[in-house]
Amino acid sequence: MKKNKISIKGISELAGVSIATVSRIINENGRYSKETEERVKKIIEEYNYVPNMVAKGLRTKKMTNVGIIIPEITNEFFVKLAYEIETNLFKEGYGSFICNTNEDIEMEKKRLQMLSVQNVSGLIYISGGSSGVSEYIQDIPTVFIDRTPVAKDLEQYIIIESDNVQGGYLATKEMLDKGCRNIIMLTDRRRLSSQAARIEGYKKAHKEANIPMNIDNIIYLDKMNYDTARDCVSKLVEDGTSFDGIFATTDWLALGSYAALNQKGIKTPQDVKIVGYDDISVSEFNALPITTIHQQIDVIGKTAVNYLLQLLRNQPIEEKLKRIPVFLVKRQST
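In this note's numbering, the protein residues as written are 114 to 447.
Mixed in with the good hints, there may be bad ones.
Unchecked claim - As a list, the in silico DSSO-like pairs of lysine-lysine whose alpha-carbon atoms are at most 30 Å apart: (1) Lys286 / Lys193; (2) Lys377 / Lys316; (3) Lys118 / Lys222; (4) Lys317 / Lys223; (5) Lys222 / Lys415; (6) Lys336 / Lys316; (7) Lys443 / Lys320; (8) Lys435 / Lys377; (9) Lys380 / Lys320; (10) Lys154 / Lys204; (11) Lys433 / Lys415; (12) Lys415 / Lys155; (13) Lys222 / Lys435; (14) Lys286 / Lys348; (15) Lys204 / Lys222; (16) Lys193 / Lys147; (17) Lys193 / Lys435; (18) Lys336 / Lys380; (19) Lys317 / Lys380; (20) Lys435 / Lys316; (21) Lys316 / Lys348; (22) Lys336 / Lys320; (23) Lys377 / Lys415; (24) Lys286 / Lys223; (25) Lys147 / Lys118; (26) Lys316 / Lys380; (27) Lys433 / Lys377; (28) Lys193 / Lys336; (29) Lys223 / Lys433; (30) Lys193 / Lys443; (31) Lys223 / Lys193; (32) Lys380 / Lys204; (33) Lys155 / Lys122; (34) Lys415 / Lys204; (35) Lys415 / Lys435; (36) Lys415 / Lys193; (37) Lys380 / Lys291.
What the hints contain is simulated information worked out from the structure, not anything from laboratory work.
Here the structure is a predicted model, which means the values were calculated and not measured.
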């Protein structure tokens, strides 16, 4: 049977508690007994009550929306991350504005200006590799993900990232342990913080294994996509460059590398081993499933939302840099 629309006052009367208690239960703050919470939530569910977030925004002069900035909406890693963030924000009563920047700094600034005009409560920033944006966010509670912002006052920012040093280390160690001694690394020319950390891990694995590393084996790409990796690896083969392993710092680079080797008649993993990064779905379902580094997207998304909520509630944050563990997923390319 369909129930009539109900207000907080109506819920309080049915539950036999004050309006303030109902409000605390809805917002999940303050004190109330488990019994009271269950009674109120049962009424809320029975009447399909939905809080009026617009009215709340008018009272507080701050709309309960959060801006989510992602650098590339076609990238599965960022799409899944945005989904996790949006889902967790919704559970907390916040709406989302998801903005794609296409890795373009000018578009990034325009998106930030737009979100500022929208008077968003906060930002979760999944780009952050660009400089010159701090002026747009100085008055907005912001959590950065994946890429450390380029800023002088870095210590003031909240940063959530995967342990990319460990990721680079695990990827390289897997190939060194399998006998590789000449590992090519494909990375981003822009020297983003996440990529720099993976390079550090690559170097660390060589040093720990006491295996010499050729700095020229680190190849910086103008574009981080399938075609660029395929063309790069094809040229390496055509030029007679010697290598027996490829650490591709995204799965798409790994897939492009595999395609190039396959086209040249070079067998993976017998002749050249490959490790990717991100553990996107296509890496598992490739003709030859790719060994990769798994990033815990669900944990990253939830952690970012929790940190932002702490900022919005003026709660102290002791750990401003949070690194989420990664792990190696072994498949057939090694």
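Now for the hints, and whether the structure bears them out:
1. Using a Cα cut-off of 30 Å, the hinted pair Lys286 and Lys193 holds, with the two alpha carbons roughly 28 Å apart.
2. Between Lys377 and Lys316 the alpha-carbon distance is near 29 Å, which keeps this suggested pair within the 30 Å criterion.
3. In summary, the hint linking Lys118 to Lys222 is not supported, as the alpha carbons are separated by about 42 Å, beyond the 30 Å threshold.
4. Simply put, Lys317 and Lys223 have alpha-carbon atoms about 39 Å apart, too far for the 30 Å limit, and the pair is violated.
5. Restraint check for Lys222 and Lys415: the C-alpha separation of about 26 Å stays at or below 30 Å, so the hint holds.
6. For the hint pairing Lys336 with Lys316, the CA-to-CA distance comes to about 23 Å; that is within 30 Å, so the pair holds.
7. Taken as a hint, the Lys443 and Lys320 pair is honoured in the structure, with Cα atoms around 23 Å apart against an allowance of 30 Å.
8. With a C-alpha separation of about 42 Å, the suggested pair Lys435 and Lys377 falls outside the 30 Å cut-off, and the hint is violated.
9. Straight-line distance between C-alpha atoms of Lys380 and Lys320 comes to about 28 Å, which keeps the hinted pair within the 30 Å bound.
10. Between Lys154 and Lys204 the CA atoms are separated by roughly 14 Å; this keeps the pair inside 30 Å, and the hint holds.
11. As the CA atoms of Lys433 and Lys415 are separated by approximately 15 Å, the hinted pair is consistent with the 30 Å bound.
12. Among the hinted pairs, Lys415 with Lys155 is consistent with the structure: their alpha-carbon atoms are about 26 Å apart, no more than 30 Å.
13. Only pairs whose Cα atoms come within 30 Å are accepted, and Lys222 paired with Lys435 is accepted, the gap being roughly 26 Å.
14. With a C-alpha separation of about 26 Å, the suggested pairing of Lys286 with Lys348 holds against the 30 Å cut-off.
15. Proposed proximity of Lys204 and Lys222 is supported: the alpha carbons are some 29 Å apart, at most 30 Å.
16. Simply put, Lys193 and Lys147 have alpha-carbon atoms about 34 Å apart, too far for the 30 Å limit, and the pair is violated.
17. Between the alpha carbons of Lys193 and Lys435 the distance comes to roughly 19 Å, so the proposed pair stays at or under 30 Å and holds.
18. Of the pairs offered as hints, the one joining Lys336 and Lys380 holds, with about 25 Å between alpha carbons and a cut-off of 30 Å not exceeded.
19. Restraint check: the Cα-Cα separation between Lys317 and Lys380 comes to about 27 Å, which is no more than 30 Å; the hinted pair holds.
20. For a cut-off of 30 Å, the pair hint linking Lys435 to Lys316 stands: about 23 Å separates their Cα positions.
21. In summary, the hint linking Lys316 to Lys348 is supported, as the alpha carbons are separated by about 24 Å, within the 30 Å threshold.
22. Between the alpha carbons of Lys336 and Lys320 the distance comes to roughly 29 Å, so the proposed pair stays at or under 30 Å and holds.
23. This hinted pair does not check out: Lys377 and Lys415 have alpha carbons roughly 43 Å apart, beyond 30 Å.
24. Distance hint between Lys286 and Lys223 is unfulfilled; the C-alpha atoms sit about 42 Å from each other, more than 30 Å.
25. For the given pair, Lys147 sits about 25 Å from Lys118 by alpha-carbon distance, which is consistent with the 30 Å threshold.
26. Restraint check: the Cα-Cα separation between Lys316 and Lys380 comes to about 26 Å, which is no more than 30 Å; the hinted pair holds.
27. Between Lys433 and Lys377 the CA atoms are separated by roughly 47 Å; this puts the pair beyond 30 Å, and the hint is violated.
28. Between the alpha carbons of Lys193 and Lys336 the distance comes to roughly 21 Å, so the proposed pair stays at or under 30 Å and holds.
29. Using a Cα cut-off of 30 Å, the hinted pair Lys223 and Lys433 holds, with the two alpha carbons roughly 27 Å apart.
30. With a C-alpha separation of about 22 Å, the suggested pairing of Lys193 with Lys443 holds against the 30 Å cut-off.
31. Among the hinted pairs, Lys223 with Lys193 is consistent with the structure: their alpha-carbon atoms are about 24 Å apart, no more than 30 Å.
32. Our distance criterion of 30 Å between C-alpha atoms is broken by Lys380 and Lys204, whose separation comes to about 48 Å.
33. Only pairs whose Cα atoms come within 30 Å are accepted, and Lys155 paired with Lys122 is accepted, the gap being roughly 15 Å.
34. Under the criterion of a C-alpha separation no larger than 30 Å, the hint pairing Lys415 with Lys204 is consistent with the structure, at around 11 Å.
35. At most 30 Å may separate the alpha-carbon atoms for a hinted pair to count; Lys415 and Lys435 meet this at roughly 12 Å.
36. For a cut-off of 30 Å, the pair hint linking Lys415 to Lys193 stands: about 12 Å separates their Cα positions.
37. Between Lys380 and Lys291 the CA atoms are separated by roughly 15 Å; this keeps the pair inside 30 Å, and the hint holds.
In summary, the numbered hints that this structure violates are 3, 4, 8, 16, 23, 24, 27, 32.
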